[in-house]
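Undergrad: Sequence:
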Amino acid sequence: MIVCMDIQAGVAQRAGVGRYVQKLVEHLGQFVTANDALRLFYFDFQRQGQSLSAAGAELRPCRWLPGRYIQTAWKRLHFPPFDWLAGAADVYHFPNFIIPPLTRGKAVVTIHDVSFLRFPEAAEPRNLAYLTAKIRNTVARADAIITDSAFSGREIQELLGVPAEKIHPILLGLPSDLRRPDAPAITAMRQRLGLARPYLLSLGTLEPRKNFPFLIETFERLKGFDGDLVIAGMKGWKYEPILARVKNSPQAARIRYLEYVPEEQLAALYAGAELFVFPSLYEGFGFTPLEAMACGTPALISANGSLPEVCGGGAELVPELNAERWAQCIAALLGDSAARAALVQRGLAHVQRFNWAAAARQTWAVYRQVVA
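My numbering numbers the first residue of the sequence shown as 629 and each following residue consecutively.
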């Protein structure tokens, strides 16, 4: 079996789909037998992709033309076929929502979520236009659709009319070395970032569906906590109203926004928090609550999207988005050290389910199934 994966997202970005691609590439090679080939295709006009090589895989860079020209042609002309560029394969895996023009072979696509269909008003307009224009052709062409959660699979069935047998939920993984750092590392992080007081943490891209204005309102209603709220994440679509809400809050002096936290400091940032709070409106998976749990920090999350499925076993769920109710739940946990300790242990046990080797093994099994 010859498998060709489009790994462009792993070259172009670190977070989100990029991280998914990088971690799959790291682990898929172990399942390649003597009768198989795993080819990794990407546009690399500037020669940035060598770091994505993996044992058992063959790199197939396209360096004769910048990828943006081909991608524009795919969007506007539906040409040239992907397989003309990448070569023949039995299975093509497209891990970033959309299948480009393809004339042969079986097609596997990963659709991480369909938030752009469920909440189009919260999506960036150009990305929304592209995804909505291409997604129905993609699910029609796909021989198998991988999702990050059973919730996303059900959403795809409901909103796109895809039969259940075509959908394969595969839980994602966490870094095997992600754990609570020692006390000196947490102290050093606090000093480096200027976090002298106790803090609540929320981490995610600044965009509407993360629901940060609601979190700020919750913090304003919180009683009995003499600490800060730390919001960390890159600026996304419609970030300006979120930062304006921070600036105009009566508690603005106690709200810290950290746009960029070096990856090597993230575990300490998680571990230093009293609680991780995540009132998201919609998630196809939800990495950050799991990362907090892995670092020994209790997590309080909304009951929206995939969060009950993915995180519910190890986090405290608040079933309603009511700021007063959330403030009460936070205050109750902050005032009950035994409850927090029990939640930490639940979280640490829960995150053992999520590992990239298992995700890669199940992904390889999908390839086998579509060519059987």
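I should point out that these hints are in silico values taken from the structure, not numbers from a laboratory. Careful: at least some of the hints might be erroneous.
Label-pair ranges, simulated between beta-carbon atoms [as the list claims (entries may be wrong)]:
1. A662 <-> A701: 34 to 40 Å
2. A662 <-> Y888: 20 to 26 Å
3. P826 <-> R996: 48 to 54 Å
4. A701 <-> T661: 33 to 39 Å
All residues carry an ideal CB built from backbone N, CA and C; glycine is no exception.
Undergrad: Please go over all the hints and tell whether each is borne out by the structure.
TA: To see whether the hints hold, each was checked on the structure:
1. A662 <-> A701: 34 to 40 Å: holds, 37 Å
2. A662 <-> Y888: 20 to 26 Å: Hint violated: Cβ distance 45 Å, outside 20 to 26 Å.
3. P826 <-> R996: 48 to 54 Å: Holds: the Cβ-Cβ distance is about 50 Å, inside 48 to 54 Å.
4. A701 <-> T661: 33 to 39 Å: Holds, since A701 and T661 (Cβ atoms, about 36 Å apart) stay within the stated range.
Of the numbered hints stated above, the single one contradicted by the structure is hint 2.
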